[in-house]
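Novice: Given next are the chains, with one letter for each unit.
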Amino acid sequence: MTVRIHLHPDLCHLADGNEIVETSGDSVGDCIRQLIARCPALEEFIFYKDGQLQTFIEIYLNRKAAYPDELGRKVKDGDEIHLILTIAGG
Amino acid sequence: MLTPAELERYDRQLLIRGMGQAGQERLKRARIAIAGAGGLGSAVAFYLAAAGIGTIGLIDHDEVRLTNLNRQILHWTGDVGRKKGVSAAEKLANLNPWTEVIVIDRRITAENAPDLLSGYDGVVDALDNLETRFFLNKAALDHGIPLFHGAVRAFEGRVMTVIPGRTACLRCVYRGARPEEKAPVIGVAPAMIGSLQATEVIKCIAGIGKLATGRLVVYSGLDMSFTELSVNRDPHCPHCASCDGRGEP
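Chains as they are written, first to last, in numbering that gives the first Met the number 0: chain A, 0 to 89; chain B, 0 to 248.
Just chain B, with the same shape it has in the complex (with noise of 0.2 Å):
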């Protein structure tokens, strides 16, 4: 049930076609898990907190450094040296006191993935390297709960949300990444990507529209331009050949 204010706070998007007071009050019951409090994961906790998110799970065991300062909203000059989750909850608190954000200070492993996710109704993919992604995917696939896909470099990112069971996964898609110290960024990149990643999260749990899966959205922010890339389900795929379907949105 939304209170008065809160009727008052999403005014706006109430009146979107299919969302509505059903759509607000599924956002309100939800619990998000966000694996990283950096670019990605700034940009998304920022809009899933304005959209009225009931519970938002922050995973970052990082602290601020100045050199995340150009790409990570949530963390300002004043933050640095601060843990990333604790800074990132303050300013979510001072943007939607009615989103409960639980600040997770750990390392995501192999092992400890499918406790942190427990109780989560999907989990966002904020994270800065593919090894902690799969681990990420296998967990989420485990417990049959979408994962929404992000990644970013330089100017470009790209985009994929899993469906367990339904849809392929990121092992399906990806075997592995390019050995790099330092990857370029620009802030406007996570920004981007990070933006599409809470819409997907916002149709997932409201039910409505078409969801990016089965496919890579591919962004350009030099050439301006959004390709999209038909990815399918790998039979032989070690995370999900023998996932049983159990995450229908």
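Same shape as in the complex, but just chain A (with noise of 0.2 Å):
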């Protein structure tokens, strides 16, 4: 099965410039910590360092809002997962 992560613009050169991974797993969580393994360097923007998930990160599971319990929704192959930062300029 596979589960596409499309990554915000700030966060494709933390993946070798990717704009899309593709991971597997059951849940959002799992997928993204699959993206983690393979691009350690995104750890730290989109995880506290207590595990929890940085607020500034918006989750989107086909296109949808995630929240709440954005890492424990369920996925399934061909699903697309959407990782935002949220933006405040002006």
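Think of the hints as simulated: they come from the structure by calculation, not from any bench.
Even for Gly, the Cβ is constructed at its ideal location relative to N, Cα and C.
Hints are not guaranteed to be accurate.
[Unchecked claim] Derived pair list, reagent style DSS-like, types lysine-lysine, alpha-carbon separation capped at 27 Å:
no. : chain 1 : residue 1 : chain 2 : residue 2
1   : B       : LYS209    : B       : LYS90
2   : B       : LYS181    : A       : LYS48
3   : A       : LYS63     : B       : LYS209
4   : A       : LYS63     : B       : LYS202
5   : A       : LYS73     : A       : LYS48
6   : A       : LYS63     : B       : LYS137
7   : B       : LYS137    : B       : LYS202
8   : B       : LYS137    : B       : LYS209
[Stated by the list, open to error] Covered by chain B, per the in silico footprint, the following chain A stretches (three or more residues, Cβ under 8 Å):
no. : stretch
9   : 55 to 67
10  : 76 to 88
Join the two chains into one complex using the hints; note that each chain is given alone, in its own frame.
Specialist: Right, dumping it as structure tokens:
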């Protein structure tokens, strides 16, 4: 099974320049952990040291907000995850 | 009632199906607050004045800096050091003397936000930080008026419209912003997003089209793409969970 993670433009440089990374797993959390195993520099952008999601990370599963319990959401083959950073400029 | 000069000025948009004189008169009667007269606020205010919004309340306490001029198109080189509200109001008065611009030289806080929005039919979020956006969000919900959200960074941006009690609010969607001293941005990003926010205001007031509610419209200038992300009301939202839906457009 394949779950595609779309990375926010500001994260791509931490994933060898890739905008999309293919992963697998049972949940959004599984897929993100696999992503981090392949691109360790992403970890500090996505998680606090205690393992909680950074508050400025938004996760969408199949283009729908995954909040709350984003990491526990079940995924299936063909699903797409968007990892977005909150932006605040005006 | 539109004057002959107004009928001539707005001739091309009166032709739009669903707008007509009735829609234009609604724009003329509308009172819209714009929070921020920077990159987003410049574009929004420019197009709302051009479209004939009757009253614009421009809330900003900052002064124009040279570093603003790559994106804040209502402020020009000679305006450096002047108050942004005054600088913007001057340009808008030249663009459309039929639009009344009220300059509100105040920093928005949790305490004063409800008063600042009193008497307005809607508020445009053209701010540059999430904390103040939350003050504005809560005040708009309490007043039951639509909030037209926009945000930019570098070449990207996003837009969402909040109808109190009916659609997801900013607090349902956002939990925090990345700490950043100086966010990168190029002028075409707020130009694009501000134009989309103004489009939402015009549609909402005129009563036409489909608003960007319940979805974040995410724009990427680098990819030249738009992505729609669906967002829901959070039943435990500290801002809108108890909102009673007074804000129907």
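Novice: Please go over all the hints and tell whether each is borne out by the structure.
Specialist: Hints versus structure:
In summary, the hint linking B:LYS209 to B:LYS90 is not supported, as the alpha carbons are separated by about 31 Å, beyond the 27 Å threshold. With a CA separation close to 24 Å, the supplied pair B:LYS181 and A:LYS48 stays within the 27 Å bound. As the CA atoms of A:LYS63 and B:LYS209 are separated by approximately 19 Å, the hinted pair is consistent with the 27 Å bound. For the given pair, A:LYS63 sits about 25 Å from B:LYS202 by alpha-carbon distance, which is consistent with the 27 Å threshold.
Taken as a hint, the A:LYS73 and A:LYS48 pair is honoured in the structure, with Cα atoms around 24 Å apart against an allowance of 27 Å. This hinted pair checks out: A:LYS63 and B:LYS137 have alpha carbons roughly 24 Å apart, not beyond 27 Å. Between B:LYS137 and B:LYS202, the direct Cα distance comes to roughly 23 Å. Compliance with the 27 Å bound is thereby established for this hinted pair. Restraint check for B:LYS137 and B:LYS209: the C-alpha separation of about 24 Å stays at or below 27 Å, so the hint holds.
Counting residues of the stretch 55 to 67 of chain A whose beta carbon lies closer than 8 Å to any beta carbon of chain B gives 8, which reaches the threshold of three, so the coverage claim holds. For the stretch 76 to 88 of chain A, the stated coverage by chain B is satisfied: 7 residues place a CB nearer than 8 Å to a CB of that chain, which reaches the threshold of 3.
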